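Asker: Next come the chains, spelled out residue by residue.
Protein chains: 2
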Amino acid sequence: MTGPLSGVRVLDLTTMVSGPIATMLLADQGAEVIKVEAPGGDYMRRVGVKHRGMSTSFLTCNRGKRSLCLDIKRPEGLEIVKQLASTVDVFVQNFRPGAIQRMGLSRETVSDIRPDIIYASISGFGDTGPCSHQRVYDPVIQALSGMADVQMDQHSGLPRMVRTIICDKTSALATAQSITAALFRRERTGKGGHVGVAMLDVMIGFLWPEAMASLSFIGKEEDPAHSQRSPDLVFKSQDGYLTAGAISDLEWEGMCRALDRTDLIEDPRFKTAAERAHNSAERRQITSDEISNWPSAELLARFDTEGVAAAPILNRTGIMDHPQVIENRIFQPIEDGVLGPVRMPRPATIFDDQATSISTLAPFKGDDNTAILTEIGYQPEQITQLNNANVLFDSPPTTDQGSRS
Amino acid sequence: MTGPLSGVRVLDLTTMVSGPIATMLLADQGAEVIKVEAPGGDYMRRVGVKHRGMSTSFLTCNRGKRSLCLDIKRPEGLEIVKQLASTVDVFVQNFRPGAIQRMGLSRETVSDIRPDIIYASISGFGDTGPCSHQRVYDPVIQALSGMADVQMDQHSGLPRMVRTIICDKTSALATAQSITAALFRRERTGKGGHVGVAMLDVMIGFLWPEAMASLSFIGKEEDPAHSQRSPDLVFKSQDGYLTAGAISDLEWEGMCRALDRTDLIEDPRFKTAAERAHNSAERRQITSDEISNWPSAELLARFDTEGVAAAPILNRTGIMDHPQVIENRIFQPIEDGVLGPVRMPRPATIFDDQATSISTLAPFKGDDNTAILTEIGYQPEQITQLNNANVLFDSPPTTDQGSRS
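Residue numbers (this note's numbering), protein chains in the order written: chain A, 1 to 405; chain B, 1 to 405.
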């Protein structure tokens with residue numbers, strides 16, 4: 001299918017994760033994304049498992065894009081980027097505050113080139129303030145946003161990190177949404193504008209509902225850690241781990257039946273939601289002991305029959321074989337002429353009942369130099385000259401077997 | 001400021017978290033959101049700390065919306081919703097598959113009423129498959145998507161949950177982005193359509209980059225748990241916790257200087273990135289021991305001087321006082337005529353340098369019954385009749401002091 005953003009052109013100067021995932025989401029929905037890379041390439045090309053010159057980290061953050069690799073510090077390189085800017089709808093960058101100005105691509109400069117452009121900036125902290133100059137890694141934002149406090153170990157009181165780069169990825173989603181909203185506005189009003197996203201702001205906003213909600217009424221705050229005393233809903237069965245939860249009376253009764261403990265239904269300690277909350281430690285112990293006597297598959301089937309929300313806890317390699325994942329066609333192998341068979345989940349949202357399949361994987365560095373320059377009017381001899389003058393760079397696959405499909 | 005989505009009207013039949021946060025994000029950007037509640041009200045009105053009849057859970061997921069509370073099972077109630085559907089751009093629902101059809105508001109019915117409507121459905125698993133009928137709580141999706149595996153305890157091997165409802169909230173962001181993309185497409189083509197979001201699909205797509213990337217090359221998979229052996233970047237100082245990380249040579253040298261351990265710069269165990277990775281356990285131990293000798297503030301200032309990414313690990317009540325949070329004006333107290341002073345982070349994205357302030361807090365149940373019905377042509381006597389006939393419901397604040405500003 002053609003995605004809802006087809007026809008949109010994006011010039012993407014971002015590196016690492018927050019920006020690249022944001023523009024990948026736009027590409028998933030049909031936008032044409034031109035990724036501009038410095039001569040050394042996006043740092044993510046060097047992270048993760050490598051196969052024929054492609055790293056898993058780059059592969060998973062840059063599908064559906066084209067790559068233009070050039071030296072922007074050379075006047076000819078900067079000129080190419082400026083010419084491209086005049087042809088696009090969206091310009092995105094995630095350098096530290098001040099850097100893009102020094103590169104000669106400030107908001108003012110780019111807006112002069114293309115007055116209705118949407119110029120999006122992603123940063124850790126915004127443009128001003130005591131931290132704005134700092135280098136940002138994901139744990140820094142987890143530390144300052146409350147995420148590491150939310151994840152605190154309940155026994156030791158030690159803060160913990162979420163073990164995926166949640167701040168980068170959540171900021172990517174927020175950025176993609178905000179750019180899309182700006183595109184909508186531009187369609188209605190003809191006006192571009194600036195989209196500013198700071199990871200710190202995104203994460204505080206993300207965590208606030210529920211994880212910090214008890215701080216809402218000024219003067220009547222309650223410690224948000226209080227409501228988080230309950231242990232994880234992780235249970236050990238005879239042969240694995242599962243999660244299960246019962247909130248309403250009906251769900252609790254279903255859980256008792258599933259566990260062959262109908263005696264608990266009439267137990268006064270657990271008869272109402274209030275009593276179940278009051279005696280949660282005992283309830284937890286009994287539930288946990290009972291679950292440990294069952295094989296996962298049998299018990300999960302019984303939970304299902306009784307309308308109790310439950311699931312096996314899968315490890316990451318086990319996900320691919322789960323029947324719901326298969327039903328949803330999340331993983332359709334992609335056969336790539338260079339990389340061979342590649343696994344990648346399809347874009348999550350389904351528009352008009354037609355799942356978007358991934359047509360183009362991430363590019364090798366500079367894959368599209370010639371095509372992109374040709375489109376904006378460069379002649380073959382000029383391109384050759386720019387190659388020879390070390391303005392343009394590329395780095396094809398590390399094997400000459402086959403070509404990409 | 002008027003947000004980029006101003007002029008958009010949304011009819012929101014969602015409850016709990018995933019749908020309400022999605023439509024709240026649209027409201028933040030200027031959309032008019034009419035929240036339709038069943039007579040008992042959104043379940044979230046009963047969760048969390050309550051003040052004058054408003055719960056923190058409802059407050060944090062429903063700002064900027066209007067509330068219409070009616071019995072949709074009554075023909076008069078359904079008729080009102082259908083009339084409203086003819087006036088809106090977007091219809092959103094997050095009932096379990098099948099339920100919205102039984103209510104008489106299927107995609108076909110709603111599209112007949114308003115052919116260019118964007119009809120968005122959020123579910124746990126999609127419409128078909130073995131789990132699609134199941135009740136979904138956040139831990140169920142954490143279990144099936146790999147999130148609980150990512151968060152596994154490194155010592156015990158026990159799966160862990162992320163202790164915020166990450167699946168609900170990430171799905172909300174994905175839904176808001178997808179609806180916005182569909183609005184853009186409609187603006188260009190005149191066509192509405194269906195937006196389908198399944199939480200399972202969203203979370204697998206969210207986790208894939210980096211947390212599952214090593215499964216990308218089919219036949220050359222590496223266990224994604226391998227790359228996660230390193231401990232959290234959480235360090236105990238003399239007086240608190242902090243995070244700090246050094247990846248490049250320059251950052252490592254800066255860290256050594258900040259810790260007054262310039263002797264380590266020349267230490268062959270840590271001289272290159274490869275050696276630092278190889279001897280990471282020793283490096284971690286030395287770093288951890290050294291950090292424990294410093295007060296946080298002093299050491300963080302030294303890290304800052306040396307260009308080392310670092311931050312104090314704040315607890316949630318401490319966030320509000322951090323100078324960067326103050327600089328970013330994330331928390332501007334909102335004075336509400338009924339609720340008194342309320343704390344809530346402003347919408348994260350800043351459009352055109354003008355942060356959006358929160359103008360309207362979450363509504364009390366049925367707050368806007370009369371206004372909304374009047375707008376679609378109901379006469380005062382009809383509204384009185386619908387109130388008396390128990391088609392309309394409301395539940396004003398539990399105090400009569402003052403009125404909302």
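Do not rely on the hints blindly, as some may be mistaken.
The list treats identical chains as one, so a pair stands whether inside a single copy or across any two.
[As the list claims (entries may be wrong)] Here are the simulated DSS-like pairs of lysine-lysine, each with C-alpha atoms no more than 30 Å apart in a straight line:
id, residue 1, residue 2
1, LYS50, LYS220
2, LYS50, LYS82
3, LYS50, LYS271
4, LYS50, LYS73
To be clear, the hints were calculated from the coordinates, so they are not data collected in a lab.
In this text, all values refer to a predicted model and were calculated from it rather than measured experimentally.
Asker: Report the numbers of all earlier hints that the structure fails to satisfy, in ascending order.
Answerer: 2
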